[in-house]
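Got two chains here, separate frames each, mind docking them using the hints?
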Amino acid sequence: MDSLLEVKGLYKYLDGRSVLGACSFSLAPGHITGLLGPNGAGKSTLLRTIAGLWRPDGGEISLHGRPITRQDRPKVAYMADHTLLPRELTVHQAIRWYRDLFPDLDLDRFRAVSGNLPEGEPVSRLSKGQAERLDLSLLLARDAEVYLLDEPLGGVDPVERAKILSAAAGVMEEHNALLMATHLVHDIEPILDDVLFLRAGHVVLSASAEELRQREGLSVEEKYMEVFGGGSR
Amino acid sequence: MKGLWNSAKWEIAESGLLNGRTLILLGLWLIYAWKAATGWNGSGVPLLLSFHLVTFAVLAVYRGLKWPFTGAFDLERTSDRPAWQSVLGRTLAWTVVIAVGAAPQQVFFRLCLDRMRDVWLRIYFDGAERVARLEGWIGWEPFLVITAAGTAAYVLSLAVTLWCRSGRFRHRATIANAAVWLFAVVVLGYLILRTIPLSVTIPACILICLLVSTWLLVRKVE
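In order, the protein sequence lines correspond to chains A and B.
Counting the first sequence from 1 gives a position; the numbering used here is that position plus 803.
Counting the second sequence from 1 gives a position; the numbering used here is that position plus 10.
In isolation and in its complexed conformation, chain B is listed as follows (with noise of 0.2 Å):
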């Protein structure tokens, strides 16, 4: 279990997401989304809260790209750390990240509905459904569910990347090649599980991908 632990810590400090400045930088957003959360009206107030959320996202993506192509990643296979515990470690440290995102998102869109509920219901002529689709974002239903597809977001670029590294190629592959692959992967499988539930598909893409990139790992990257 200490695998597990250490994957999750060193994954965190590797990310750069505890470095003095990027922690400034998260700091003075927050008190920025703050004052919009309390005082601004405009359309783009909704994703200027959801800073937070959207920077962990798309770090954790990019971790997902990323790690397999490290030389840390390489180093971690010459050690006896089970291949279970490097992914479930790094998945359960961007889970975590990703809740304390979604966290300040749900807070800031609780300050402001009220103000925007009156003021769009005046200037907009569709306020009723922007306010409608605002109050749909809060609550704990709604931040398991982001925080569940944060974490679905990871695990699918990690399995895609280890996808990319185990074939015959695998010598060849790049950080560029994943992404690509990750890009078609999640367009084509929106247009085939369009139609499914995001409680049936969040919760099985989280699954399926934890245990394909841990077989990945295991018998065909190392």
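So that you can see chain A by itself, here it is in the shape it has in the complex (with noise of 0.2 Å):
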């Protein structure tokens, strides 16, 4: 199956500390990615690389074979780790904000995955819960091609975690890819097509869920606990 992103030997340094070294896997259409790993092993800096908020240092990062252009980036997709959403504007202004920002956005899609959002209120009062609703849900109203979510499932309730992972698996069509970075690798594995697992800014696994359990009879927190707990569950 063709890739529809690929990365190839990228390297990221900061402070002249290599923090990834080296990075190459490709997302296949279609297909939502766990991208996992301790914390500190390079999970939210590679995807500030490919969405283009940070420069790489070395290799490439290619859309259907091609670099990234300007033109081509609201094809990728960010959510941050933290609402990146202008903190002084209610819900609702924001809501117009980021669709001035990128036309492309599905009302009708949005209102679908958030819910009751308190449209009145500043972006700086929404709870933790509120404000991942907020940002996944402007995300995932967007007609990218990959999407990139940094930690959505950090600091929300089962409840709202199990939503979030609904309408994540929901807005999946034959033509986009998803890579969710996060460390509740529990509760991401039943919606997980492929897994990366990322070491100290390297790749240390790039594999199919399914081939995992197939191939070695582990679940995915299993192999997790393998590679990163120093022995199995």
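No wet-lab data here; the hints were simulated from the structure.
Watch out, some of these pointers could steer you wrong.
To be verified - Within a straight-line C-alpha distance of at most 20 Å, the following computed SDA-like cross-link-like pairs (lysine to any residue) qualify:
#1 19/B <-> 925/A
#2 12/B <-> 874/A
#3 230/B <-> 181/B
#4 19/B <-> 80/B
#5 76/B <-> 927/A
Next up, the structure:
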């Protein structure tokens, strides 16, 4: 299968220290990939670099086999681990602000995921769960090809978490891909097609979740514990 | 061009200038300044009458320092809006705001000039100089110079902040770093360029800072 997004030999240095070292992997269309690894593994740096927020120090990131240009950037939708929306604006204004930036936003799809958000409240006064729901609804309502989600499940209750995962799975079509960084391996395992294990900026495993289960007889969580925890659960 | 308009529109909304409470404060100060312009004679009156201008100029510099550190800045970088539209849209917005702040100052100075001339010449030994200074602030030329100087202050703060955010240690940069660098650039610029007329330095500062900001945004920050 042709890859949608391909990362080849990606390097990133911060403070003279290598944060990403020769990262190479690809995302297949129609697949949800879990970006898994311990704290400080470089997950957020990798997502920020793919989104175009940080310039890579080496390597290539390509979409449909071509380097990502400025015009291609909206095809890669990025959600950070904290809200990037202007905190001074009300929720209603923030939605309009986002729509001005990304005119492909589908408001019906947004309403379907967002549920009841207090639209008159400033973004700064939203709870962590509400802010994440707002961010995720806006992100998934875009007509992007690649969705990058950085810790979308942190700080939300199990019910909210289930809703987020269901919304993420619901947006997937044949032509797009989703890369989600998280620590909560157990929670995202049911929706994962592929996994990407990152340790100290290096990809230590890139495999299909189903293949792991069949070939090694391990769940993704068990494999995660084996690779990062020093043994199987 | 839509990006230009959207950048300007949302910059003003994000600055908080259009909030109800801010508008009430600015409106009340307008009434207060009107009262001062038509009845008071103290030497501090001109500063009091410049409140809107000073407030808007300080806010513009603060926004120039703050914007590159906001999440909104990051999110905008993931869109296809060209860097020049982001920079120019914001600059035009602050030019308009500063012009709006300079307009009441002009009106109030005109209102109080005759009375000040009458009173200051009698009560101050340097009354004539004071009146001449006040007169020097009135008219189209001073209005344009003040507006352009405010715009220059904004683009300078933006250029310095983007420069801080584009170096090797960009991920460590903070608003405080940028503010210190801005202060250093202003002091150094004053020492080096003070002999050059403002009619040259202000337009040159605006043009250079606009180009530098756009270049930094395209080549270094993104």
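Here is what the structure says about each hint:
no., hint, in the structure
1, 19/B <-> 925/A, "holds (18 Å)"
2, 12/B <-> 874/A, "holds (15 Å)"
3, 230/B <-> 181/B, "holds (13 Å)"
4, 19/B <-> 80/B, "holds (17 Å)"
5, 76/B <-> 927/A, "holds (16 Å)"
The structure agrees with every numbered hint stated previously.
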